[in-house]
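> So the chains spell out like this:
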Amino acid sequence: MSGRYEIRFSGAGGQGLILAGVIMAEAASIYDGKQAVQSQSYGPEARGGASKSEVIVSDGPIDYPKATVVDALLALTQEACDKYSHDLKEGGVLLIDSDLVKKQPAGNFKVVSFPIINTAKNEIGREIVANIVALGAMVALTGVVSKESAEKAVLSRVPEAFLELNKKAFNTGYEKAVAAKK
Amino acid sequence: MAKKVAFLQGNEAAAQGALYAGCKFFAGYPITPSTEVAEVMSAELPKIGGKFIQMEDEIGAMAAILGASLTGTKVLTSTSGPGLSLKQELIGYGCIAEIPAVIFNVMRGGPSTGMPTGPSQSDVMCAKWGTHGDHPAICLVPASVQETYEEMVRAFNLAEKYRTPVMVMPDEIVAHMRERIVFPEPGELEVINRTAPTVPPEQYKPYDTSFGDVPPLAAYGSGYKYHVTGLNKMQDGFPTTKAEIVQAEEERQVRKVEANKADIMKWEEYLVDDADIVVVAYGSTSRSARFAVNEARKNGLKAGLFRLQTFWPFPEERLLEISKKVKAFITPEMNLGMCNGVVKGCIEGNAPVLGIFRVDGEPINPGQIVDKMKEVK
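Protein chains in written order, with the numbering used here: chain A, 1 to 182; chain B, 1001 to 1377.
The set of hints was computed from the structure by calculation and includes no laboratory data. Possibly wrong hints are sitting among the right ones.
[What the hints assert, rightly or not] Derived DSBU-like pairs (lysine-lysine); straight-line CA-CA distance at most 35 Å:
| # | chain 1 | residue 1 | chain 2 | residue 2 |
| --- | --- | --- | --- | --- |
| 1 | A | 110 | B | 1047 |
| 2 | A | 83 | B | 1374 |
| 3 | A | 147 | B | 1003 |
| 4 | A | 89 | B | 1372 |
| 5 | A | 167 | B | 1047 |
| 6 | B | 1374 | B | 1225 |
| 7 | A | 89 | B | 1047 |
| 8 | A | 89 | B | 1161 |
[What the hints assert, rightly or not] A short, non-exhaustive set of chain B residues, derived as facing chain A with CB atoms under 7 Å:
| # | residue |
| --- | --- |
| 9 | 1117 |
| 10 | 1178 |
| 11 | 1179 |
| 12 | 1180 |
| 13 | 1287 |
| 14 | 1290 |
| 15 | 1291 |
| 16 | 1366 |
| 17 | 1368 |
| 18 | 1370 |
[As the list claims (entries may be wrong)] Ranges between beta-carbon positions, derived for each pair:
| # | chain 1 | residue 1 | chain 2 | residue 2 | range |
| --- | --- | --- | --- | --- | --- |
| 19 | B | 1263 | A | 61 | 21 to 31 Å |
| 20 | B | 1345 | A | 60 | 34 to 44 Å |
| 21 | B | 1248 | A | 60 | 33 to 43 Å |
| 22 | B | 1132 | A | 102 | 31 to 41 Å |
C-beta: ideal position from N, C-alpha, C; glycine also.
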C-alpha cells in the first residue's frame, strides 16, 4: 500500500460508528505498524442525526487528518448515504445496509450490500453489535488492515463478558462481505 | 525497554501531559468539545492523591484553580469558547496576582453557544485580549496528539517559570482526533517547578523584585503569609495607587513574557527558505497546509509552511524577515481573519497576506489552499 487510504463510517448518532473507526485505526496503527488518524464529525444530538467517523491509513506520515477522496464508505442510514457519498472515489467501494438504504447513489464504484443491522439483531442476537458487524465487513472489503489485527483490536476494546459476542459479530460481518462481494 | 504507546485522542493526551507535568488539581465544568480532559482527570487524580472538583460553573472553576495554585500545587482547568468567556475576569486576576495556572481551551464555533461540536480557531484573539487591561499572554496551539501531550508539559513549565496563566488551545479537530502516541519516560521531558522563597516568612514579600522579574512564590500553608488582590499592588501584595509603582509593576508583568519571547515562542518552518508563497497556519489547519505545500511543490510552485506552535507571543520578527523575500503569505484559518490581521501587523506591508477563512464548522481542506496559491501573481 502506498499513499493514503481513506475510510468513512457513516450512519446515525448512537450506532457506534466512531468506535468502529477507532478500532479500525487502532488495528492499523498499533497492531499493523502503519500510520493512522481517526477523526469524527457529529451533531449536537446524543442519538440520531447524521454522524461520521473517518480513518486515514498510510505507510507514511499523515498531514490532513480528514478525508479528501474516500476509498471506502459505510452508510448505515439513507440520510448518511445521501450526505456523505459525494466524494467517494471512482473505483472505490460503498457498503450499505440493504434494509435501510434503498436509494443508492450513482457513480463508478462498487456497491456491496447486506442487511447489517438485521444480521446483528437476528443472527448474532444483539442489535448493539451492528457496528462490529459493519467493521468486520469493512475490514474484508478494504483489505487495509489484517483480519487478525482487526480482531485483536476489537477484543481489546470490549468488556470480558462480551468477547464471544463481538468476535462472532466481527467474523460474521467479515464473511458476509466476502460473500456479498462476489 | 520499548516505550509505551497508545492510540489516543488529543484531549486524552492533554490530560496525560498535565499529569506528567505534575498537575495535582483540576477544577472545571464539562463542556463539549473538551469534556474528555475532565473525564481523564477525574479518574486519574484521585489515584495519585490529587483533587478533582466539578464546580458550579466555569467562573468558579477558574477561581478554584487560582486558589489551589497558591497552595503550591500545579493546576489545570479545561473548557471551550463560552467557558473561556466566563473565565476572563479571573484570568486577569491570575495575571495581576501572578499565579501559575494552565487553561486548556478547545476551540469550537462561536460567539456565544455557537456550534458546540464544530471545529473553529476563533478564540486566539480572546487568549490575548479576552481579559481587560495590559497583561502577559502565552497561548500554545498544538497540531497533533503527540504535540498536545508535549505542549501541555511545556505549558505547565511556562506557567511555573513565569508565574502567569498559560493557555493551550487546540481546535476541535486536534482535540477529538486520535493518533498513535509514544509516551515519554519520566525524566525525558523537562519539568519545571516554581521558585520557592529562600527568605524566612517574616521577610517574605510575594512581589519582591530584588529577586528579578519573576519573584519567588510561597505556598499557602507553609508558614508564609501574604496578601493577594486583583488591585494594583506593592511588593508586599497590598494595594497601592502610587503612580510610579503601578507603572513599574504593570510593565514588569508584561515584560516577564516579552523579554523572554525567545524561550517561549515556538514555530516550525517547512520549505520556507526558497519559498515564494508562505502559508502561515496553526492547529489542524497547518496539517491541511502541509499537504497543500507538498501538492504545490509537485506542480512546480515554490510554497512553504510557517507553522505557529505558539500563537502568543507571536513570532513577529521572524515573519518580518521572511516577508522581505516572498511574493505572498496565505493564512488559512477557521475564523474570519484573526491570524491574518496579526501577520499584516508585523510585516510592514512587504507582501500581500491572502486569507482563507471558514466559520461554517467544516475544516479548510488542502484543495482550497492550493487554489489560493494559484492566485498569487
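> Tell me, which hint numbers fail for this structure?
1, 6, 7, 8, 17, 18, 21, 22
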